[in-house]
Amino acid sequence: MTARDAFLSAPTITENSVTIDHLNWLEDEAISILREVFGGFERPAILCSFGKDSLVVLHLAMKAAAPGKLPLPLVHVDTGHNFPEVISFRDQFVKKHGVPLVIGHLDDSIAKGTIRLAHPLESRNPHQTITLLETIEANRFDALVGGARRDEEKARAKERVFSHRDSFGQWQPRAQRPELWNLYNTRIAQGEHFRVFPISNWTELDVWNYIARENIELPSIYYTHQRQVIERAGLLVPVTDITPPRAGETVVTRDVRFRTVGDISCTCPVASTAANADDVIAETIAATASERGATRMDDRANDAAMERRKKEGYF
Amino acid sequence: MSPHATALTPPLSRTAGEGASRPLRFITCGSVDDGKSTLIGRLLYDSKALMVDQLDALSKARGAQSQSGKLDLSLVTDGLEAEREQGITIDVAYRYFATPKRKFIIADAPGHEQYTRNMVTGASKSDVAVLLIDVIKLDFTQPTLTLLPQTKRHAALAGLLGLQHTVLAVNKMDAIDFDAAKFARVVTAFGELAASLGIHAFTAIPMSALDGDGVVAHTERTSWFQGPALLPHLESLQLSEARDNTTAHIAVQWVTRDQSDDHQRWITGDLAESTLSVGDAVSVFPSGATAVVAALRTGRGLVDCAKPGEAVAVRFDRQVDIARGDWIIAGNADARVLTQKTQAIIAWLDNAPLTVGRRYVVRHGARWLPARISAISSRLDLANGQWRDTDAGLDDSLPAEVNANDLVRVEIEFAQALPLAAFAKSAALGAFVMVDPGTNATAAAGMIQ
Numbered sequence: 001m002t003a004r005d006a007f008l009s010a011p012t013i014t015e016n017s018v019t020i021d022h023l024n025w026l027e028d029e030a031i032s033i034l035r036e037v038f039g040g041f042e043r044p045a046i047l048c049s050f051g052k053d054s055l056v057v058l059h060l061a062m063k064a065a066a067p068g069k070l071p072l073p074l075v076h077v078d079t080g081h082n083f084p085e086v087i088s089f090r091d092q093f094v095k096k097h098g099v100p101l102v103i104g105h106l107d108d109s110i111a112k113g114t115i116r117l118a119h120p121l122e123s124r125n126p127h128q129t130i131t132l133l134e135t136i137e138a139n140r141f142d143a144l145v146g147g148a149r150r151d152e153e154k155a156r157a158k159e160r161v162f163s164h165r166d167s168f169g170q171w172q173p174r175a176q177r178p179e180l181w182n183l184y185n186t187r188i189a190q191g192e193h194f195r196v197f198p199i200s201n202w203t204e205l206d207v208w209n210y211i212a213r214e215n216i217e218l219p220s221i222y223y224t225h226q227r228q229v230i231e232r233a234g235l236l237v238p239v240t241d242i243t244p245p246r247a248g249e250t251v252v253t254r255d256v257r258f259r260t261v262g263d264i265s266c267t268c269p270v271a272s273t274a275a276n277a278d279d280v281i282a283e284t285i286a287a288t289a290s291e292r293g294a295t296r297m298d299d300r301a302n303d304a305a306m307e308r309r310k311k312e313g314y315f
Numbered sequence: 001m002s003p004h005a006t007a008l009t010p011p012l013s014r015t016a017g018e019g020a021s022r023p024l025r026f027i028t029c030g031s032v033d034d035g036k037s038t039l040i041g042r043l044l045y046d047s048k049a050l051m052v053d054q055l056d057a058l059s060k061a062r063g064a065q066s067q068s069g070k071l072d073l074s075l076v077t078d079g080l081e082a083e084r085e086q087g088i089t090i091d092v093a094y095r096y097f098a099t100p101k102r103k104f105i106i107a108d109a110p111g112h113e114q115y116t117r118n119m120v121t122g123a124s125k126s127d128v129a130v131l132l133i134d135v136i137k138l139d140f141t142q143p144t145l146t147l148l149p150q151t152k153r154h155a156a157l158a159g160l161l162g163l164q165h166t167v168l169a170v171n172k173m174d175a176i177d178f179d180a181a182k183f184a185r186v187v188t189a190f191g192e193l194a195a196s197l198g199i200h201a202f203t204a205i206p207m208s209a210l211d212g213d214g215v216v217a218h219t220e221r222t223s224w225f226q227g228p229a230l231l232p233h234l235e236s237l238q239l240s241e242a243r244d245n246t247t248a249h250i251a252v253q254w255v256t257r258d259q260s261d262d263h264q265r266w267i268t269g270d271l272a273e274s275t276l277s278v279g280d281a282v283s284v285f286p287s288g289a290t291a292v293v294a295a296l297r298t299g300r301g302l303v304d305c306a307k308p309g310e311a312v313a314v315r316f317d318r319q320v321d322i323a324r325g326d327w328i329i330a331g332n333a334d335a336r337v338l339t340q341k342t343q344a345i346i347a348w349l350d351n352a353p354l355t356v357g358r359r360y361v362v363r364h365g366a367r368w369l370p371a372r373i374s375a376i377s378s379r380l381d382l383a384n385g386q387w388r389d390t391d392a393g394l395d396d397s398l399p400a401e402v403n404a405n406d407l408v409r410v411e412i413e414f415a416q417a418l419p420l421a422a423f424a425k426s427a428a429l430g431a432f433v434m435v436d437p438g439t440n441a442t443a444a445a446g447m448i449q
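Keeping their order, the protein sequence lines are chains X and G.
One point on numbering: in my numbering, the residue at position 299 of the first sequence is 299, and numbering is uninterrupted.
One point on numbering: in my numbering, the residue at position 100 of the second sequence is 100, and numbering is uninterrupted.
Chain G extracted, bound-state conformation (with noise of 0.2 Å):
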């Protein structure tokens, strides 16, 4: 049967509650050749969001029609002209598509090594990772199963970001006969990883991209399989903004005053974290002024409660010194803890290789300062996904140099003590930004430990 036939699954009762509905963000990991392309292919294609002329633009390019004469679902994908020429993806690509249950936003992200950054650029802003593992390349004789690097890298940078949900799509089944045992050596091998690198819970699927096999419904050779096709599992994955056991932050972005006689300064920024209700006792960083939710408005207009994720507007009621790159904190002053030296993990983005002790500039919340890394005392082995004491470069298997796409531990001294948290707990306070100061690029993500 044609995977076509069944491209999208009946909708199903909304499930209700809060964010049912929310687009789901996923990010998709894997190397030029996994099949990365062609199972997003594959979605844009059996859920129609690939429209008739992109259709044709497709035929016509160069090397479309494979040899057996299925269109090249991986072609779809390709932005950039040097990418269809050289036949890889080279940068971070966003897609669109929606089923009657839910719209979806996938960040295409490359695989190949010295692209990790765009990866962690679009792991950054994903819900759910899709890791592919080609079984093609995965050496099954060997009494224990190993992963290739690249899916260790992978899963370090899906772990590390935080992400909600992961996902294992085992790919190119029908290239070792949808073999079961096969894939319960891959879901176990992977299972050790992921332990190892913090992924709590992951979700293993069988399929094959090209032909359809697991990916909006399963098929007669993935039906020993149990759990659901990637798409309806997408579909009912339930997301939540809000973590345990914090409280609501606001990076403060923008002031500006009531057009009415009154004047009166309303404060703007992302809520995180947590709900902030009108009446709500909250502090300032760094005044640490304390002052009460008088009024709080979102895009819908005024409300007495707000969310966590929606882009808010609040009045004090009173006279509070604050401006852009302040934090409002909820709670009182007393509550506040600053931070200037702490340990954090970077991702190092930048051509240019790290500098200790140099000044970067370093974006946290909405405040520019400067910052310097004192100190390097891990670096994430890929090989084996371990991170591993550097000791100043006393392990001479590994560099002492931190380079583009390397993942260090480090030590991290601001110009200034910050309200900072672990990164885990939250996204907001524990996440920042390195930034070269001469060039202005954008160096590292660091994330607070």
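Extracted from the complex, chain X is given alone in its bound form (with noise of 0.2 Å):
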């Protein structure tokens, strides 16, 4: 029997051991993190996508603003590239919350020519990093909020909660600041910022425990529905007008879910008929797939991908 195998037949959790008292502590960790952003910075923001992560973010941050009103502004960085539900979840939430909005497009840098792509039909993901510093820059943003989770990816594994970003924003995993207690190093030069994780700690479970309890509403292609895919090199590649059908490809319709939010170019849904955040818990609870490694081709690239992109100013 080689490892692999050994590994696969070994007994899977079958219960959910997410608690409440582990959901409080990991609440009041992120409450308590946003707050250092609140109290502690000229110029923060929240960086959001609108996807579960960063939705999590959002209502833990009303929550540490509450009974006030939240102190800070969202930025999306929209690729042009989006998924509709996305968008049009995105407008109204801002509209039902009443908070303000910064739009960061990848169209005004490609416009200003500070991003060329290879091709029309390239994937726009990588490129989201110029935009977004573009966006920090002509904003003076001192902090952004993000919703990456440690778990994630090894990459992530090593980034502290706050982390310091260079004037050209970039990450230097070498020369990360020593994080003690909770008493974190905040001080900047002028033109660097911070990119700030108040759910690093979160694993997806714990996410979709968190979504299940609060009732957080989330963009409706998070739970099943049909949709035109094709299967290609294990994934099922949605069918859009960016990711069309190559020539021999048959499209198929499919009940399915998205795991991750991302650029349509390179997120790909999983098979699910899962309908609600409960159903989401028990098929997360019997996957065997890491989220990224199952959904986003990009990582899928090559192992060390991730951190060569965060080194870049990627969030």
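Hints in this document: simulated from the structure, not taken from any laboratory.
Heads up, a few of these hints could be off.
[Claimed, not checked] Here are some chain G residues pointing at chain X (derived, C-beta under 7 Å):
(1) I105
(2) T256
(3) G299
(4) E310
(5) V435
(6) T442
[Said to hold, decoys possible] Just so you have them, the derived chain X footprint on chain G, three or more residues with Cβ under 8 Å:
(7) 93-99
(8) 121-134
(9) 138-151
(10) 311-325
(11) 420-434
[Said to hold, decoys possible] Here are a few chain X residues that face chain G, going by a calculated C-beta distance under 7 Å:
(12) D28
(13) K95
(14) N201
(15) L235
Quick reminder that beta carbons are idealized off the backbone N, C-alpha and C, glycines included.
Grab the two chains, each in its own frame, and use the hints to assemble them into the complex.
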């Protein structure tokens, strides 16, 4: 028996071990980190893709501010290749909660010539970094809150909660500041900024349990729906204008949901009939493929892909 | 029997009581080849926290198969590209796994000497220290067993940082035929060291992280050992946020106003050390103003009583001058003891050495203020875990300069008197961080004595 077979045949966690105390602990830690941002920076903002992780962060931010109002704007990097369900969710969300939204358009960077695409249908995901850094500079943001989690990926496992970025927006993994107790060193020089990750210590299962407990509303594509897809290299690739079928490929209609919401050109759904958060929790417990591996084409390129992009200023 | 067959302990009945199910954070301390990464890989693997694609990436990685054909579990934790090439862990990585009983957060800290700062970082956010001993490196032929300098360093740090529990993972027992007498000698040697470093209790466990003995369960080879295996032990540990004989404190993070018509001010921060209830009298540092708690909120909404460790928002019964950096202290103002000059232990973290007399910026609670080190009284000699007087370098066996990874006892003078407490009594009032005002680098972690 190979080690892989032994691993797969080992017993699986079948019980949902996430309890209320555990979620409260994570909630308190996140609220505390968010209040550091509210109180400790001049021009903070929340970076929001309106995916589930950033919506959990927004929910926590509103709790951290309660009974006061959210003291910082939201920032969305619009690649121009978005799922329409996510954009309409975004617009309804900011209207309902009355929060200011700053949008950085990738198309603006292309028009300015700061982004040049190799071909029109190229994945826009890696180019987001440029638009994001331009948006940060234009608005002089000194702290950007994000929904990254350390369990997502190896490079993220090493990132600090308050992660320093130099004046070029770069992460220096070798020169990270030691982070002691909750005494965060938030001091920066002109032009530098921090990325702040309040849900660093949450896992995918924690996020879904919290969404279920708090009734957090998500874009509809997180739950089962019928969609035209192509089966390509073990992934279900959604059929869109940007990702059309290639010659010889068969388009099929499947019951699917998305586990992450990114640029349309590199985000794939998984086969699922989960209609609500509780169904997703049941599926997550049974899942044997980690989140990014199953759904993100960009990270599969190679093992060190994320670390390289992060060093360049990706979030 | 394959250790994987016993991968998960059956869920035991949940013990009732406060904090029974809060996540347990532990730091693993050991050097590159003590089997630390293998131990973590083993825990993740046996608890199925590894996913298939992670496992596949592992199988693809160069050198993943060891000569015996076993998967090299140590590769699981080596996150950064350069590290994979060098085969060493160079920074703290956080790992997550859960059993039916508990969620765990592992701070995987490097054991190599120049990276002590990362261990301090990881330990400051941990409840439990798991110290690895590599029995292959010990000389059992000597009448008195000598532990490695790095074990002394790790134990000293664990003791200083006041972790709630210490576990001694006596690893690679397979290499010494699971010899119970040799295990006992390691425990005796560590017991003497622990006593000298302020570690009052520890649990020693014989194991082979490579083969799985003693990690999730004991095997026939460790059947002579009466204690628990590592994972069931970690599952059962009780954690406490409250300290004895301390009053509630809040380092004020941010002040907001109610969105309702009355625009009442709410003061936010983390509640430390003790509970706080509506109706409690408090005083404010530095203004000295007193007030009564009129309302309390946590993430769960309005509450009558908040527990230590909770992120709270407080409304007072009257207008009080208060801002970020101030303290809310339970009790009346007369109980406050303010200190400006005191003894502390600092772990120096910056590559630039400490300059005595120089103004640094210090963070205490949410307050930033200038401070300087006025004298160095002793330093920890890591060869034997003993504190030795420095007396301005009279002891020529120790260098006078304080460099990265050094631990020294100092006199520190703050720019203003603060509500300080010994770190052992209150982590909230007793901890501080020193920052180089020129580079903004985090220069030192400090603990008031």
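Each hint tested on the structure:
Taken as an interface hint, I105 of chain G checks out: its beta carbon lies about 6 Å from the nearest beta carbon of chain X, inside 7 Å. Interface restraint check for T256 of chain G: the shortest CB-CB distance to chain X comes to about 3 Å, inside 7 Å, so the restraint holds. The closest approach between the C-beta of G299 of chain G and any C-beta of chain X is roughly 4 Å, which is under the 7 Å cut-off, so the hint is satisfied. Because the beta carbon of E310 of chain G sits about 5 Å from the nearest beta carbon in chain X, less than 7 Å, this interface hint is met.
The interface hint given for V435 of chain G is met, as the beta carbon of that residue sits about 6 Å from the closest beta carbon of chain X, less than 7 Å. Restraint check, T442 of chain G versus chain X: the minimum CB separation of about 5 Å is within 7 Å; hint holds. For the segment 93-99 of chain G, the stated coverage by chain X is satisfied: 6 residues place a CB nearer than 8 Å to a CB of that chain, which reaches the threshold of 3. With a cut-off of 8 Å between beta carbons, the segment 121-134 of chain G has 3 residues touching chain X; three or more are needed, and the interface restraint holds.
With a threshold of 8 Å between beta carbons, the proposed coverage of the segment 138-151 of chain G by chain X is violated, since 0 of its residues qualify and at least three are required. For the segment 311-325 of chain G, the stated coverage by chain X is satisfied: 3 residues place a CB nearer than 8 Å to a CB of that chain, which reaches the threshold of 3. Counting residues of the segment 420-434 of chain G whose CB lies closer than 8 Å to any CB of chain X gives 4, so the stated coverage by that chain holds, three being the minimum. Evaluation of the D28 of chain X hint against chain G yields a held restraint, the C-beta minimum of about 4 Å falling below 7 Å.
Nearest Cβ of chain G to the Cβ of K95 of chain X: about 17 Å, over the 7 Å cut. The hint is violated. Given the 7 Å rule on beta carbons, the hint for N201 of chain X holds: about 6 Å separates it from the nearest Cβ of chain G. Using the Cβ-Cβ criterion of 7 Å, the hint placing L235 of chain X at the interface with chain G is not satisfied: the shortest such distance is roughly 11 Å.
Going through the hint list in order, the structure does not satisfy hints 9, 13, 15.
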